[in-house]
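Add 19 to the 1-based position in the sequence shown for my numbering, that's all there is to it.
It cannot be assumed that every hint is accurate.
Restraint ranges, calculated between C-beta atoms of paired labels, are given here [to be verified]:
#: 1; residue 1: LYS61; residue 2: ARG131; range: 18 to 26 Å
#: 2; residue 1: GLY102; residue 2: ASP66; range: 19 to 27 Å
#: 3; residue 1: SER101; residue 2: HIS127; range: 16 to 24 Å
#: 4; residue 1: ASP115; residue 2: VAL159; range: 32 to 40 Å
#: 5; residue 1: ARG131; residue 2: PRO62; range: 29 to 37 Å
#: 6; residue 1: LYS61; residue 2: GLY133; range: 20 to 28 Å
#: 7; residue 1: ARG126; residue 2: GLY75; range: 21 to 29 Å
#: 8; residue 1: GLY132; residue 2: THR70; range: 28 to 36 Å
#: 9; residue 1: ASP56; residue 2: GLY133; range: 14 to 22 Å
Simulated from the structure, these hints should not be mistaken for laboratory data. In this text, a Cβ means the ideal position worked out from N, Cα and C, and glycines have one as well.
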Amino acid sequence: METINRRIGKVSLVLAVAALVPAVAIAHGDVTPQAVDVSTLKPVGDDWLATNPYRGNAEAVRIGSSAYNQNCARCHGLEAISGGIAPDLRYLPVEDEGDEIFLNRIRHGSTRGGRVYMPPFEGILQQEAMWAIRAYLETVHEE
20 METINRRIGK VSLVLAVAAL VPAVAIAHGD VTPQAVDVST LKPVGDDWLA
70 TNPYRGNAEA VRIGSSAYNQ NCARCHGLEA ISGGIAPDLR YLPVEDEGDE
120 IFLNRIRHGS TRGGRVYMPP FEGILQQEAM WAIRAYLETV HEE
């Protein structure tokens, strides 16, 4: 009887661990880029802008915060506070200088030595979404 109880206990443990494996596998979250609804923002057109048209726009900041959390926070950290995986975006320069750096990186990504450090988002996120994220990042900027 004791042998049967030990076997049942082992089987129960194996089943419990097996049940947890899918949860652990998806705990990192969905890494597929998430769509951003920019329908409440004024369209910016097809040509890429050099500066953020939504700077200080409360609606853009709201959309950008959500878009950042869905598409950027997994690497750059919640509220742009990096946990060491990717740059801390609170220190991205503000205004035009920061716009140029931000737009180049979000559009084209970053690859070094054949390794992708950041995927390109051009063709995945619309320009309005990128600028909304930038508008949000300026609200959490630190010197």
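Each hint tested on the structure:
no., hint, result
1, LYS61 x ARG131: 18 to 26 Å, "violated, 36 Å"
2, GLY102 x ASP66: 19 to 27 Å, "violated, 36 Å"
3, SER101 x HIS127: 16 to 24 Å, "holds, 20 Å"
4, ASP115 x VAL159: 32 to 40 Å, "violated, 19 Å"
5, ARG131 x PRO62: 29 to 37 Å, "holds, 35 Å"
6, LYS61 x GLY133: 20 to 28 Å, "violated, 40 Å"
7, ARG126 x GLY75: 21 to 29 Å, "holds, 22 Å"
8, GLY132 x THR70: 28 to 36 Å, "holds, 32 Å"
9, ASP56 x GLY133: 14 to 22 Å, "violated, 35 Å"
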